[in-house]
Amino acid sequence: MFSCLSGPQTLGKGPLFWVLFFAAVIAAASVPLFASSFAVQNFSFFLVWTFMAMGLSLMWGYAGILSFGQTAFFGLAGYAYGVISINVGDAHGLTWVAFLASLTLPVILASVLGYLIFYGGIREVFVGIVTLSVTLVFETFMAQTAGPEWTIGDARLNGFNGMSGMPALTINLHSADFIFDGSPFYWLLLALVVSAYLGLRVLVNSRFGNVLVAIRENPERAEMLGYNIRFYQLIVFTVGGFFAGLSGTFYTLWGSYITPSSMGLNAAALPIIWVAAGGRTDITAVLVSTIALTWVSQQLAIYGSQYALILMGIVLLLVVLFAPNGFVVSVWRSLSKRSFDREAADAVREFTSAAK
Amino acid sequence: MATILETRGLRKYFGGLHAIDGVDLAVGEGELRCVIGPNGAGKSTLFKLLVGTYASSAGQILFRDEEISTFKPYQRVRRGLSIKFQVPGIFLQLPAEQNIRIALQRGYADDPLEAELERLLQLIDLQSQRRELAGNLAHGQQQWLEIGMALATKPTVLLLDEPTAGMSPEETFKTGELVKRLNAEGMTIVVIEHDMTFIRQIAQRVTVLHFGKIFDEGGIDDITQNEDVVRIYLGKA
Chain D
4 MFSCLSGPQT LGKGPLFWVL FFAAVIAAAS VPLFASSFAV QNFSFFLVWT
54 FMAMGLSLMW GYAGILSFGQ TAFFGLAGYA YGVISINVGD AHGLTWVAFL
104 ASLTLPVILA SVLGYLIFYG GIREVFVGIV TLSVTLVFET FMAQTAGPEW
154 TIGDARLNGF NGMSGMPALT INLHSADFIF DGSPFYWLLL ALVVSAYLGL
204 RVLVNSRFGN VLVAIRENPE RAEMLGYNIR FYQLIVFTVG GFFAGLSGTF
254 YTLWGSYITP SSMGLNAAAL PIIWVAAGGR TDITAVLVST IALTWVSQQL
304 AIYGSQYALI LMGIVLLLVV LFAPNGFVVS VWRSLSKRSF DREAADAVRE
354 FTSAAK
Chain E
167 MATILETRGL RKYFGGLHAI DGVDLAVGEG ELRCVIGPNG AGKSTLFKLL
217 VGTYASSAGQ ILFRDEEIST FKPYQRVRRG LSIKFQVPGI FLQLPAEQNI
267 RIALQRGYAD DPLEAELERL LQLIDLQSQR RELAGNLAHG QQQWLEIGMA
317 LATKPTVLLL DEPTAGMSPE ETFKTGELVK RLNAEGMTIV VIEHDMTFIR
367 QIAQRVTVLH FGKIFDEGGI DDITQNEDVV RIYLGKA
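Chains as they are written, first to last, in this note's numbering: chain D, 4 to 359; chain E, 167 to 403.
Calculated lysine to aspartate or glutamate pairs in the DMTMM-like style (CA-CA distance at most 25 Å, straight line):
1) K340/D / E298/E
2) K379/E / E233/E
3) K238/E / E223/D
4) K16/D / D277/E
5) K16/D / E298/E
6) K379/E / E393/E
7) K379/E / E172/E
8) K320/E / E172/E
9) K16/D / E280/E
10) K346/E / E328/E
11) K340/E / E328/E
12) K320/E / E223/D
13) K238/E / E127/D
14) K238/E / D190/E
15) K346/E / E282/E
16) K16/D / D276/E
If you are wondering where the hints come from, they were derived from the structure by calculation, not from laboratory data.
Based on the provided sequences and hints, a complete structural model is requested.
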C-alpha cells in the first residue's frame with residue numbers, strides 16, 4: 004500500500020515510520036477537541052507556511068533550483084484572494100471562486116517566469132537573483148499603492164499598510180453556508196498539508212522524481228540521457244509556485260489581511276532557512292523544521308520581531324557551518340547508521356558464535 | 167557500409183581560436199572508429215559538437231542523413247546518439263544502480279527495466295557495488311558506470327571520450343574487450359583515446375585530428391607508419 008510513498012528520495016519508511024506518522028496526524032487532528040481557539044489559530048498559522056516550504060524543497064532540494072522569490076507567488080495569491088473575495092465573495096457567496104482564482108494566478112506567473120528562466124538559459128545562482136528581483140519588484144509596487152486611485156472594484160490595495168477585511172472561505176451546502184473558520188479552517192489546512200506531503204512523496208519517488216534528482220546532480224548528463232531538462236525544471240518551478248500560492252491564500256484567509264512586506268527580503272529569506280535547516284533533500288525534514296521554526300519564531304516575536312530574525316540568521320549560519328544537509332536529515336541519518344551498525348554487529352556476533 | 171554519422175565543413179570558433187576548422191567526417195554503420203590527435207587538436211570539442219553541448223559556428227551534422235545541427239542534446243540522444251564524457255558525468259551522490267536506473271527508465275517499463283538493469287550491472291562488473299554511492303567508486307569503475315549509463319539509452323552510435331583514462335592495464339584491456347563486443351553486436355562506436363595499446367586492441371579505422379582539421383585517416387598500421395602523424399603526435403610538428 005505504501006510502496007509508492009517510499010523510495011530512495013525520502014527518509015522514513017517501514018511500519019514504525021507510518022505508525023508514527025498516522026499517530027501524529029491523529030494527534031494534530033484532535034487539537035481542536037481539547038485546545039483553545041487561540042491555540043487552534045496558532046497551529047493553523049504554523050501549517051500555513053508548510054506548503055511554500057515543501058514546494059521550495061521540491062525545487063531546491065530535489066531539482067537543484069534555488070528560488071529566492073517564492074514570496075512573489077505567495078503575495079500574488081494572497082492579494083488575488085483579497086481583491087477577488089472582496090469584490091465577489093461576500094456579496095455573492097463566491098469565496099471559493101476567489102480561492103481557486105488565487106491559486107491559478109501564481110501558477111500562470113510561475114509558468115511564464117519559469118519558461119523565460121529555463122528556456123532562456125538562466126541557470127544556478129542566477130535563478131535565485133531573478134526570482135528575488137521579481138518578489139522585490141512586487142513588494143515595491145504594492146507598497147506604493149496607498150492612494151485612493153489604487154482600487155480594484157471595491158478592494159483598496161492600501162499601500163504599505165496592506166489589505167484587510169477579506170471574507171472567510173465559505174461553501175454553500177444545501178442552502179446553508181459552511182464557513183471555514185476556526186476549527187474547520189484548521190482541519191481543512193491539515194487535510195491539505197497531509198495530502199500535499201503524501202502527494203510530494205509519491206512524486207519524488209516516481210520516475211519523474213528520479214529525473215529531478217538527476218538534473219540536480221548533473222544537468223548535462225541528465226540531458227544526455229534523453230531528458231528535456233528545461234521542461235522538467237519548468238514543471239517543478241510551476242508546482243513550487245502553486246505551493247507558495249497555496250500558502251499565500253491561506254495566510255490571507257488566516258489573518259484576513261496581506262501586506263507588501265510578505266514579499267520583502269526578510270519574508271523571502273525565511274523559507275530558504277526553514278528548508279535548509281531541516282534538510283532540503285527531504286520533504287519530511289522540511290515539514291518538521293518549518294513547523295518547529297515558525298513556532299520558535301512566534302514565541303520569540305512576543306519579545307520583539309527582531310529576535311526571531313536574529314535567531315533565523317543564527318540557524319542559517321549553524322546549518323552552513325555544521326550541518327549542510329540540514330539538522331533533521333543529519334540526525335536521522337546518524338540514528339539510521341547507528342541502528343544499521345548495531346544490526347551488523349549483531350549479525351557478526353551471531354555468525355561467530357554459530358561458527359564456534 | 168552506409169554512413170550513419172557525418173559532418174560537413176564543421177567549424178567551431180572560440181573567439182579567434184579555430185577549435186574545429188572544417189571537419190568532414192563520415193562514420194559508417196557498424197563501424198568502430200578511433201579519433202586520435204595531440205592535446206588541443208579538437209577531439210573533445212568535436213564530440214561536444216556532435217552531441218549538441220556546443221553549437222557549431224558553421225557546417226552540418228547529419229545522423230542517418232537527417233540534419234541534426236540545430237537539435238537540442240536530448241533530441242540527438244533520442245535519435246540514437248549517446249556519449250561517455252572525458253570527465254565521468256555520473257550522479258555522484260546517488261547509488262550506482264540508481265544511476266543506471268535513471269538512464270534506463272525513459273526507454274523501459276518496470277519489469278523489462280529490472281532485467282536490463284541486471285544485465286548492464288553485470289556487463290560493467292558493478293553488481294557487487296550496486297548500492298555504493300557513485301562518488302565512492304574507483305575512477306575506473308566510474309568510467310564503466312558512465313559507459314553503462316550511455317548504453318542504457320539504447321544508442322545506435324556510442325561516442326566514448328577517453329574511456330580508459332585512469333584505468334589499470336587490466337581494466338583497460340577489459341574495456342577494450344567490452345567495446346569490441348558491443349561493436350560486434352552491431353553498435354557503431356567512435357572512440358577518442360591516447361592509449362595506443364588500447365587503440366591497437368580495438369581499432370578498425372583511425373582518424374587523426376590536428377589543429378581542428380582531419381590530418382589523416384586510415385587503418386591503424388597505415389596511421390602508425392605515417393611519419394608525419396608520428397611527428398605531430400609526439401609534438402615535433
